[in-house]
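Residue numbers for the sequence shown, in our numbering: 1 to 167.
Rather than coming from a laboratory, the hints here were simulated on the basis of the structure. C-beta atoms are modelled at their ideal positions from N, C-alpha and C, and glycine is treated no differently. Mixed in with the good hints, there may be bad ones.
[As the list claims (entries may be wrong)] Restraint-style ranges between C-beta atoms, simulated for each label pair:
hint, residue 1, residue 2, range
1, 43, 11, 32 to 38 Å
2, 3, 156, 24 to 30 Å
3, 44, 10, 39 to 45 Å
4, 136, 88, 34 to 40 Å
5, 159, 18, 19 to 25 Å
6, 134, 57, 37 to 43 Å
7, 8, 40, 34 to 40 Å
8, 9, 87, 34 to 40 Å
9, 44, 13, 33 to 39 Å
10, 155, 48, 24 to 30 Å
11, 136, 54, 42 to 48 Å
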Amino acid sequence: MVIMVISVVQDFEERVYSATRWITAKVPSAEAGAVKAGMYKLYNYGKGENEAGSDVPMNTWPALVTVTEGEDGSDGEVSVSWFVSADTELPKATDPSVSEELRPAATVYVRTFGGSPSRAHGQENVKQLREALVHAGKSFEPHRYSGVIYEAPWSFVHHNEIWIYAV
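Please model the complete structure; the sequences and the hints are all you need to start from.
Shown next, in the form of structure tokens:
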């Protein structure tokens, strides 16, 4: 994953990411239980629940929780994704909710925050980032964002991000 930082201002960074590859599980909502279930689906896929029945080596950080909101602000589509290096062989998943996802290169606005990742922290940081982007005159996808997690839940220190995609 190649990252180029374009600018850093008080409330956010503007970054360009190269095209990336992910293993993704669709989940019913961004609630903690659904996200945890999605993480287990990805873990099980990597431990042999795939058509080859083989373990798949994965560098699972960062992990993304991507939400495309409905017009009323509710969860529309939600997915949990783990980063996969370009040279990793990915057998087809046996679970139909798990699939390979290729994300094109993108410009992303990023807000960083600490603390244990939670939906409440994520939503507050989405709100703050959207407000900062409007104030800065940036164009962005108004109903889509990703919560980005870089450490395991039991880690003592957490680096979390919210990504909002430029248009």
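(request) Take a look at whether the Cβ-Cβ distance between residue 44 and residue 10 falls inside 39 to 45 Å. (result) Roughly 42 Å apart at Cβ, these two residues keep to the hinted range, so it holds.
(request) May I ask you to test the hint 37 to 43 Å on the CB atoms belonging to residue 134 and residue 57? (result) Cβ of residue 134 to Cβ of residue 57: about 42 Å, so the range 37 to 43 Å holds.
(request) Return holds or violated for the Cβ distance of residue 136 and residue 88 against the range 34 to 40 Å. (result) Taking Cβ atoms as reference, residue 136 and residue 88 lie about 37 Å apart, which means the hint holds.
(request) Take the C-beta atom of residue 136 and the C-beta atom of residue 54, compute their distance, and say whether it sits inside 42 to 48 Å. (result) 47 Å Cβ-Cβ, so the 42 to 48 Å window holds.
(request) Return holds or violated for the Cβ distance of residue 159 and residue 18 against the range 19 to 25 Å. (result) holds (20 Å)
(request) For the range 33 to 39 Å, tell me whether the beta carbons of residue 44 and residue 13 fit it or not. (result) holds (34 Å)
(request) Can you let me know if the beta-carbon spacing of residue 155 and residue 48 is within 24 to 30 Å? (result) Taking Cβ atoms as reference, residue 155 and residue 48 lie about 26 Å apart, which means the hint holds.
(request) For the range 34 to 40 Å, tell me whether the beta carbons of residue 8 and residue 40 fit it or not. (result) Once the Cβ atoms are compared, 36 Å apart, the range 34 to 40 Å for residue 40 and residue 8 holds.
(message) Verify the CB-CB distance for residue 43 and residue 11 against the hinted window 32 to 38 Å.
(response) holds (34 Å)
(request) For residue 3 and residue 156, compare the CB-CB distance with the range 24 to 30 Å and indicate the outcome. (result) Since the Cβ atoms of residue 3 and residue 156 sit about 25 Å apart, the hinted range of 24 to 30 Å holds.
(message) If I claimed the Cβ atoms of residue 9 and residue 87 lie 34 to 40 Å apart, would that claim hold in this structure?
(response) holds (36 Å)
Checked against the numbered hints given earlier, this structure breaks none of them.
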